[in-house]
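Asks: Chain residues, written in single-letter form:
2 protein chains.
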Amino acid sequence: MRVTIVGSGNVATHISAALKNAGHRIVQVYSRNLQHAALLAYHVGAGATDDVNTLTINTDLFIISVKDDAVLPMVAQLAKYGKLIAHTSGAVELLPMLEFTQQAGVFYPLQTFSKTRELNFREVPMCIEGASESITKTLEDLARDISNKLYRVSSPQRKVLHLAAVFACNFTNHLYGIGEALLKDSGMSFDMLRPLIAETADKIKERSPFTVQTGPAVRNDETTMAAHLQLLEKQPRLQEIYEVLSQDIIKNHNGVNGDG
Amino acid sequence: MRVTIVGSGNVATHISAALKNAGHRIVQVYSRNLQHAALLAYHVGAGATDDVNTLTINTDLFIISVKDDAVLPMVAQLAKYGKLIAHTSGAVELLPMLEFTQQAGVFYPLQTFSKTRELNFREVPMCIEGASESITKTLEDLARDISNKLYRVSSPQRKVLHLAAVFACNFTNHLYGIGEALLKDSGMSFDMLRPLIAETADKIKERSPFTVQTGPAVRNDETTMAAHLQLLEKQPRLQEIYEVLSQDIIKNHNGVNGDG
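Chains as they are written, first to last, in the working numbering: chain B, 1 to 260; chain L, 1 to 260.
Looking at chain B on its own, in the form it has when it is part of the complex:
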């Protein structure tokens, strides 16, 4: 397919590279910032522009990969070209796109991307939704060229998926950071925690997280929890996080012992 990329951020960068590597043609990259557009365009052999009104019509698909609140305004501007338009957002519904065009879909990669980090796109779950069965199929065919993991996900499901990702990934990364900060304050290196973090993530590759929960809360070990809260007495925000999460673990496991 001939694809126009709208946006130049992390998702736009990884998707255009994956599509190009799969033999598709990136015809043009649009960004408000022409330098950003030009840099990505250079890497994928495309043209660059910062003018949404003079995009080439020699394309089959616009992929919009911009900030969530900029997606629908962009759909409004692109509709006049009469081409298929898909966005890559976990949070934007399909329905409001249909006010501007019937040729609408969603092409949402569920992954955390960094520009400077290599990633095997074939393992990235692609979440597809289309305004019609034929659009869904077109986007599925395209997704299959870059990933082994295809899912049909409705707009309400995608919202939940995005929320679940915030818990399991964004919040998780923040907890890693809290761990690092605590160690640093006591003159220890984050390297000490890294193997434990890796094992914690590895453990759930084939198991359900609640079945392998460990720690003082799942054992309802009140002595240790009280000692931990005491250690945090000068960091009330961390105390609050500790309490809220421990209480939820206790309620969730209802006093049943975990894996030790």
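Hints in this document: simulated from the structure, not taken from any laboratory.
Accuracy of the hints is not assured; some may be wrong.
Stated by the list, open to error - Keeping only pairs whose Cα atoms sit at most 20 Å apart, straight-line, the calculated SDA-like set for lysine to any residue is:
(1) LYS234(B) x ASP248(L)
(2) LYS115(B) x ARG207(L)
(3) LYS20(L) x PRO73(L)
Note that this is a predicted model, so its numbers are computed, not measured.
Knowing the structure of chain B, use the given hints to seat chain L on it.
Replies: For chain L alone, coordinates are given in the frame of chain B:
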């Protein structure tokens, strides 16, 4: 060395296997439950007992790997044998052991263990503390035989380390579980989240977590956060977790944008 293992849980199981594989001799396994002692003893070629008063004196080291609040009572009972005693707990200090014996130390493996899961012990950080330099060196020599990662960790540091591990691992696993539960409620599989969880953990193998934070909170994206809280309106505990963690991320990053 000749080692007596006191306890038969996950940590006792993994440590005795690692020591035996490194050429040390497990002479005896003690557990309150004789069947548990016998099972572990069988695997490591040791004797088994449930009577702490008739342990063999033909040993060089007792490793106590029991619940935190049972450690010191056990030290009190073992002191009469006049041998080196080390415990494997993240939470128990060295000082109170000295009320019972001067031959005391700590042999704390910072990892999450499951009996049924293989694990490369050479990657497990071993946190060592001794009542004297010579005890510290003895325990370090032993630790070096089973792991590449040795750290000298004081009792106050070890408490912080344990607390940091609760944040980075126990709480993290609970967040994975919340993610799974949210997906399940909307008819989706946890498999969709697994690649993202793996990548989130991989990302910090060489980076500092706060530098790679992503998600709505670090972007201070109020629209998305409000929508997420709305989605959770029937789950007040999850709302509270969402708010507490998001607020901490916002304060921590002070409005600075993250990695997208």
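Asks: Would you mind marking each hint as holding or not holding in the structure?
Replies: Results for each hint:
no., hint, in the structure
1, LYS234(B) x ASP248(L), "holds (15 Å)"
2, LYS115(B) x ARG207(L), "holds (14 Å)"
3, LYS20(L) x PRO73(L), "violated (27 Å)"
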